[in-house]
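Taken in order, these protein sequences are the chains called G and P.
This note's numbering puts the first residue of the first sequence at 29, with every later residue one more than the last.
This note's numbering puts the first residue of the second sequence at 325, with every later residue one more than the last.
Simulated from the structure, these hints should not be mistaken for laboratory data.
Cβ coordinates follow ideal geometry from the N, Cα and C atoms, glycine included.
Warning: the hint list may mix true and false statements.
Stated by the list, open to error - Derived CB-CB ranges, DEER-like: (1) G:Glu269 x P:Lys505: 56 to 66 Å; (2) P:His495 x G:Glu84: 42 to 52 Å; (3) P:Met535 x G:Phe278: 20 to 30 Å.
Chain by chain, the residues:
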Amino acid sequence: MNSETKNRIRRFSPVQRFFHLLLMLSFLTQGATGLARMYIETPWGKWLSWIFGGYESALTVHIWVGIFMICGFVIHFLYVIFKIDWRNFPGSLFGPDSLLLQPRDIKEFFQHVGWFLGIAKAPRFDRWGYWEKFDYWAVFWGMVIMGCTGLILAYPMDSTRFMPGWGLNVAFWVHRIEAILAMAHVFLIHFFIAHLRRHNFPMDRAMFEGSVDLTATRHEKPAWVARLEQDGKLEDSLVNESKIGRRVLFYLVGYAAMAIGVFLLAGGIINSPYITW
Amino acid sequence: MMKIMCEKMTILQAAAVLAVLLFLPGMVPAQEEMASAIRRYKDREASSGYYEEYEVMPRSRRIPVGVRGVGREVFPHSPSAAKVRIRTRLSDSHAGIKFYWNWRCEDCHVREAKDIHTVRANLTCRQCHGNEPIASIDHYRSPMNPIRRHAYVCAKCHEGASASFSTYVVHAPNPAMLSTKSSFPVLFYVFWVMVAIAVGTFVVFLPHTVMWGIRELFQKGEKR
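Bound-form chain G, shown alone (with noise of 0.2 Å):
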């Protein structure tokens, strides 16, 4: 195939396309099942949990649903160890390809933040971007603090052997306001930079067809293009653009996350006011 047709780099494996999947399906799962119950006394709340046939099966979906992302998640970790350089480590885990927030990372966020001021130019940015590597952690912690915390209160008998009642009480702050914090940052911030912001406009694609343009990634990471080309790998990097039938199913499953994580966002701002926290 000719090159010049392949105009994309390649950035996301199959395997690596199929974990944001199945994270995206389960954590709007999670969102609408948490929410149906938190908000079970206003009528928005009855109407989801309705969807899940009602306040105790939205639990029960709930619930199985958390344990299969746990089980995604230590299948995610048993890939990320198998996945890294060991024949380098521990320099691979500081190299340009590592998701490992580095001070790089800090001075490329201040020095970002100094071009939208329009006082600095802006960072050469490598493969990953210092709020891309926060979208990852911020992910990996929050499995595991809600995981953790979903489990406790998910088998109250079991986990009361170990812990003091009350620890319930604690564990069900933790869980609600972790939530309410991957939701908010996930609808709002995660969706708006990956999809919204002009130079990803109208949706960012690289999840889904696991590539992303050239041109305007020569723009957004010119390191990684830049690094790409002198190490002679940017050739064996390029893909084809995904057929016009695919593109238009990754616009529609993704226009219908966002348009779920949006309404469940406006849903529970609006009927925030009329439950008891």
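Based on these hints, arrange chain P on the given structure of chain G.
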């Protein structure tokens, strides 16, 4: 003649005993078991230890709240009793409250009437606290007493509830309130740490995201 009379009397007596036995509730092992605390202790608790968590009677039956000039065994059912503020160890926690029968629980217990158990599980107060007279939660015969709460109250819905489980605070204080710092410090501090993390995230990333969006929107030339 006398012999016939005696036989009739015996038959009548037997019928009377039979009738009485028919209408009285039957003897059940539980009654026998509860008849002697010493036997129960020897048979059950000393051998298995199973009941010791919640079947222990206190050493003294003295009511901890003493009122000068009034006998200790019976708490004064008088208007002055309403002034007693410590009501956690009374056999009737509402003793002495004027016009008690005209009040509803939530008239006084406003916050307690709105928590997850009442609002979401639709439990009524008496489903846990029992019927009138409602004993104080720490009264030694109250089902709500912590030594037996898990078995007498929590286990009604949460099958297998343990004493540890029953320390869950049903009427938990508002974690944001300063008063919670003394009543439930762990909840207070954990709540505010979590809120600080959440607020900190948005204080940084909301303006960051808005500024980013505006910067890209009004940038000339290539998308950036």
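Structure-based check of each hint:
no., hint, verdict
1, G:Glu269 x P:Lys505: 56 to 66 Å, "holds (58 Å)"
2, P:His495 x G:Glu84: 42 to 52 Å, "violated (23 Å)"
3, P:Met535 x G:Phe278: 20 to 30 Å, "holds (28 Å)"
Checked against the numbered hints above, the structure violates only hint 2.
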